[in-house]
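Asks: Chain B: place on chain A using the hints.
Protein chains in written order, with the working numbering: chain A, 1 to 111; chain B, 1 to 437.
Honestly, the hints are just simulated from the structure, not real lab data. Fair warning: there could be bad hints in the mix.
Stated by the list, open to error - Cut-off 25 Å, straight-line C-alpha distance, at most; resulting in silico cross-link-like pairs (DSS-like, lysine-lysine):
id: 1; chain 1: B; residue 1: K346; chain 2: B; residue 2: K27
id: 2; chain 1: B; residue 1: K267; chain 2: A; residue 2: K42
id: 3; chain 1: B; residue 1: K270; chain 2: A; residue 2: K42
Claimed, not checked - Sample of chain B residues with no beta-carbon within 12 Å of chain A, all distances over it, derived:
id: 4; residue: K9
id: 5; residue: L41
id: 6; residue: P243
id: 7; residue: I245
Predicted model only: the values in this text are computed from it and were never measured. Even glycine gets a Cβ: it sits at the ideal position worked out from N, Cα and C.
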Amino acid sequence: MNLKMNLGDAAIDAVMGYAIVFLGIALLVLVVVLMGRVMSRKKPTPAPVPAAEQQAAPVPAAPAAPGTAGDLKLYDTPDRDAAMIMAIVADELKIPLNELRFISIREVKKS
Amino acid sequence: MNNILETLKKLWMESGFMGFFENGGWKSLVMIIVALVLLYLGIKKKFEPLLLVGIAFGTLLTNLPGAGLYHMAMWDAYVYECPYDAANEAILYNVEEERVLSVEEYMASLPEDAQEPEIIEKLSFTDIAHIGGLLDILYIGVKAGIYPCLIFIGVGAMTDFGPLIANPKSFFLGAAAQFGVFFAFLGAVLLGFNGNQAAAIGIIGGADGPTAILTCMLLAPALLGPIAIAAYSYMALIPMIQPPIMRALTTEKERSVKMEQLREVSKTEKIVFPILVAGFIILLLPSTAPLIGCLMFGNLLRETGVTERLSDVAQNALMNIVTLFLGISVGATTVAARFLTLNTLKIVLLGLIAFCFSTVGGLLVGKLMYKLSGGKINPLIGAAGVSAVPMAARVAQVEGQKANPSNFLLMHAMGPNVAGVIGSAIAAGFLIKVFGA
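Okay, chain A solo, but in the shape it has when bound:
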C-alpha cells in the first residue's frame, strides 16, 4: 500500500492501531499477573521456628528513650560519618532531622 490515504481511512487505522496496542498490552498484563501468582504459590513458606529456638530467642531490648526514633544500626560506619549522612539527607529532603527515622547505615565497599 503506497497510495495517498483519505483521512477517514487513516482515522480508522489509527483508532484500530491504538486499540491493538492496548489489547496486546492487556493480554500481556494478564499473562504477567498469572505468572506472578504461579510463582508466588511455588515460593516455599518459611518453616515454623522450633519451640526450643523460640524459647531461646533473645529478650527484646529495652524501649528507646523518650523523644528518640529507636536504634540506628551502623555497619562499618563511624558515628561522625553517620551524623553527617543523616544531616545531608535531612537537608536534601527538606525534612527536619527529628521527623526522619534511619534504620541502618552501611558502607558499600567497592568490589
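Replies: Same frame as chain A, but now just chain B:
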C-alpha cells in the same frame, strides 16, 4: 609553465570545492552547516551525544562533494528494484510516473557529456559492497535491519524489567503513551504523506530510535535521514518537552503522591518474563518478532546469571560498535538533495507533535489510574510511558520531587518506561503489518 597551470587547473576542477559551485552545490554547503549545528548540539549541549555525533559526522561526510562515500541513487535503485547506471550514478526509473524506464528511454534522457552507461539490471548487497563507498557498505546493516535489532539486544541486556513485573498495571501507561504515534500518523496523512510515509513518521512518537529506524526502513526508506534525526533530537529534548505538559495536565496534589514500595521480584520471574513476553507478543503480532525477539533475548542474557560474559558484551562492546555504525550510516542518508525539502520541515514538526501527544496520552491514563486507585498512583509516571529509557523516567522523578521533595518516583516510573519500549514495538508491528509490502 603551461603544464603546471594545466595541472593546477585540473586539480581545482576535480576537487570537492568545485562541487559547491556546480548546480545545487549550495545545498551541500547548507547541509554541512546543519552537520556542524548537530555536532555542536551533541558535543556542547550533550544531546544524545553517542548517536548525534555519529549522525552529524555522517551528514558531514556524505555532503562533501566528490567524497563518494555514499551513493543515494544506488540505494534508490535498490528500493525501486530498477536498473542502475553505475557510470553516471543514475537510476532507470521515473519517480513521478512510478515506472521503470527502458534502456532506450534512459539513453535518450542522458545529457551529451554523460559517460558511457554501465547498467546493472538488479542491485544486490554484493553489488553494493563491490561498487559502493564505505558508508554504502555500512548502510547495508541498516537496510538489512541488522543494526536496530542488535541495538535492541543491548537495550534488553541493560533493562531491568523488575519494576514492570512488580506492578503490571504500569504496562497500560506504556500503551497509553503510544497515543502520539497514531496522532502524528493522522497529522502526516493530513499534510499529504502517503500511508507508508505517515506510519514511518508517526512512529517517532514511540520515542524509540531503533524502532523508528526499522519501521522507517521497511515503510519509507527515503525518509530515514529526517526521521532518525527528528527521533533522536526530540529524545534528547525530553527534559524540555515533557515538564510543561506534565505541569499543565496535573495538579500539585497529584504530582506529590508518594507511591508504595514495589514488591520484590524473584529471579525465576525475571528469567521467565522475557521468554513469556517474546513468545506471547510474537504469536500475537508476528511482525514484532525482530524487535521483541532481540529485546527479550538481550534481557534473558542479563537475567539468567550464567551468561554474564554475553550480557556484558551486549551491553557494552556490541552496543557501542553498532551505535557507531548506525549513527554514521544514518547520517549518510541526509544527502542535501533529499534532505533540504519541505517534507523534512513537516517531519520535524510532526515529530514534535508525536512526542507531545505521547506524553499527553500517558498522563491522561495516569490520571485515570490515580482516580481508580484512590490517589495511590502518581499520574506523572504516565509520562514515562514514552520509551526514551531512562530519560523519561528521570523527568518523572524530577517533577515528582519538585512537588514533594521526599518523593522517589524513579523505580515506579521505570515500569511504564520499559513498558513503552514494548508498546512502541507493538505499535510498530501493527503499522508494518498494515502498510508493509
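Asks: Decide, hint by hint, whether the structure agrees.
Replies: Verification of the hints:
no.: 1; hint: B:K346 <-> B:K27; result: holds (19 Å)
no.: 2; hint: B:K267 <-> A:K42; result: holds (13 Å)
no.: 3; hint: B:K270 <-> A:K42; result: holds (15 Å)
no.: 4; hint: K9; result: holds (48 Å)
no.: 5; hint: L41; result: holds (31 Å)
no.: 6; hint: P243; result: holds (20 Å)
no.: 7; hint: I245; result: holds (19 Å)
In summary, this structure violates none of the numbered hints.
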